[in-house]
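**Student:** Listed below are the residues making up each chain.
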Amino acid sequence: MNVEDTQLMKNIISQINNFSNGNKVLFSVSYEKIAKTNIILLRGLLEELNKKGILITVDRPHQYMEHLLRMHRIKYENLLFIDTIARFTGEELSDNLNIGNVKILDSPFQIDLLPALLSNNLNSGNLSSIDGKIDVSNVDFILIDNVATLLNYNDPPIVQNFLENYMAKFNGLYNIFISLTMDKITHNSLYEVARKLFDKEIDIDILRIPKGGIDRERRGKSLLSEREDIFDLFSYRKCYTGGE
Amino acid sequence: MSENLPRMPSGINGLDEMIEGGFPFPSVVLVTGSAGTGKTTFAQKFLFSGAKMDQQGLYFTTLSEPTQWMLRYSTKFDFIKPSYFGKEVIYCDLGSVIRNVKAQDLLNIIDEKIAEIMPQRIVIDPITVVGEMLKKEYRTFLFDLVNRLKNWQATSILTGEVKPGEMYPAEVAYAVDGVILLLMSEESDARRKYLEVLKMRGTDHLTGKQSIDITSNDGIIILRAKF
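In order, the protein sequence lines correspond to chains C and V. Take 0 as the starting number for the first sequence in numbering that gives the first Met the number 0 and just add one per residue. Take 0 as the starting number for the second sequence in numbering that gives the first Met the number 0 and just add one per residue.
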């Protein structure tokens, strides 16, 4: 995560740091940047605001988000992953199946069942992390990695119903901060449904620093630059990066 | 019916109109052809047109020549803006490493770099060089690589070198979501270049060979796009 990403995280936090549990914020960002925005948002929530939360992965197996968090040295022990897609991907699950802060659930194809499944599991205590570090009855936020992905598996009315049920369940039963990242142009009809369900919309592009806002030398000093020793292990010629 | 797949513009003039507006996002596409057909130009244009839209690009080169040597030629194209180097477009030279590591190590190196940069556009140019180094491990490597690339939030271009007369590297083509052929044929004492979309999953695409030209201004251009 470079200086611009870190500044973006601070800008996001400044918009939401007064949030109270029960608030709902919809982030608008272009489709191809949703994964990166989620990482930036998670860093802000987990590290800057010291919150505990749930990440539901419907787009990619949780391992990819976990890998990104680890690579960017974001502490995620206070994050409970609920993975609805891993069973379909051929990923190795044995190491992460229902251990620690990962829960594997079935099915992006039956997403309409997910709100009830989640709330039933929360009520029964079945979704608490096994190591006990995350008390899910007391989490601060919930996030879905990319809700629009569900349109690949379900008809739009089913996804819209899911969103309405999901918001109703978590807003009504649990007083937690709900956020969602979506592309309002690519998935306009779903976005229009979502915006009626949220208190606040934040356009990520407006929070970005304009190009050239940070000088290139500073930008080149990535937070990860000290990790480049891993490449040296293989006599690896360093990648061409600006400012270095 | 589920919704249409999100698309990422290719940056190649005239190609997006042939493939419903761009490559599916995310996806992995093979661009293949013999020497001089424009594979690297295609890949560079793909990255630099993304850079114009503030999309992060990551270019892995597997050639054993130094990156700056390759860049020396590339910068002759008008679309390549030096201000994007090291910022919107990051080059990563795998040339030396692929001779010394096993398939799993190479996958990990690529994975780590992608996780660090979090690009929306990835190029591996050319992937076929890796096959010569990994030999028996190559097929498994390709399968794992393509699976991993699909799970990153990116559209990836793999370029594949073929011998004259060979259409595409079959071991790569079976694993990817799309195959674009760059062809050269001798006609009336002249060599003409063509592009053909052979495969593009989830996409209605225009079939058949389309005439192309390579210009310093636009890189690859599909000639019908001019009219």
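Hints in this document: simulated from the structure, not taken from any laboratory. Any given hint could turn out to be false.
Claimed, not checked - Derived Cβ-Cβ restraints for the label pairs, each shown as a range:
hint : chain 1 : residue 1 : chain 2 : residue 2 : range
1    : V       : Asn146    : C       : Ser188    : 30 to 38 Å
2    : C       : Asp198    : V       : Asp53     : 50 to 58 Å
3    : C       : Asn187    : V       : Asn146    : 27 to 35 Å
4    : C       : Lys74     : V       : Phe142    : 43 to 51 Å
5    : V       : Thr74     : C       : Glu47     : 54 to 62 Å
6    : V       : Gln67     : C       : Lys74     : 36 to 44 Å
Using N, Cα and C, we set each Cβ at its ideal position, and we do this for glycine too.
**Student:** Look at each hint and say if it fits the structure.
**Tutor:** We went through each hint and held it up to the structure:
1. V:Asn146 <-> C:Ser188: 30 to 38 Å: 31 Å, holds
2. C:Asp198 <-> V:Asp53: 50 to 58 Å: About 28 Å separates the Cβ atoms of aspartate 198 (chain C) and aspartate 53 (chain V), which means 50 to 58 Å is violated.
3. C:Asn187 <-> V:Asn146: 27 to 35 Å: Because 31 Å falls inside the window, the suggested range holds.
4. C:Lys74 <-> V:Phe142: 43 to 51 Å: 33 Å, violated
5. V:Thr74 <-> C:Glu47: 54 to 62 Å: 40 Å, violated
6. V:Gln67 <-> C:Lys74: 36 to 44 Å: 38 Å, holds
Violated hints for the displayed structure, listed by number in ascending order: 2, 4 and 5.
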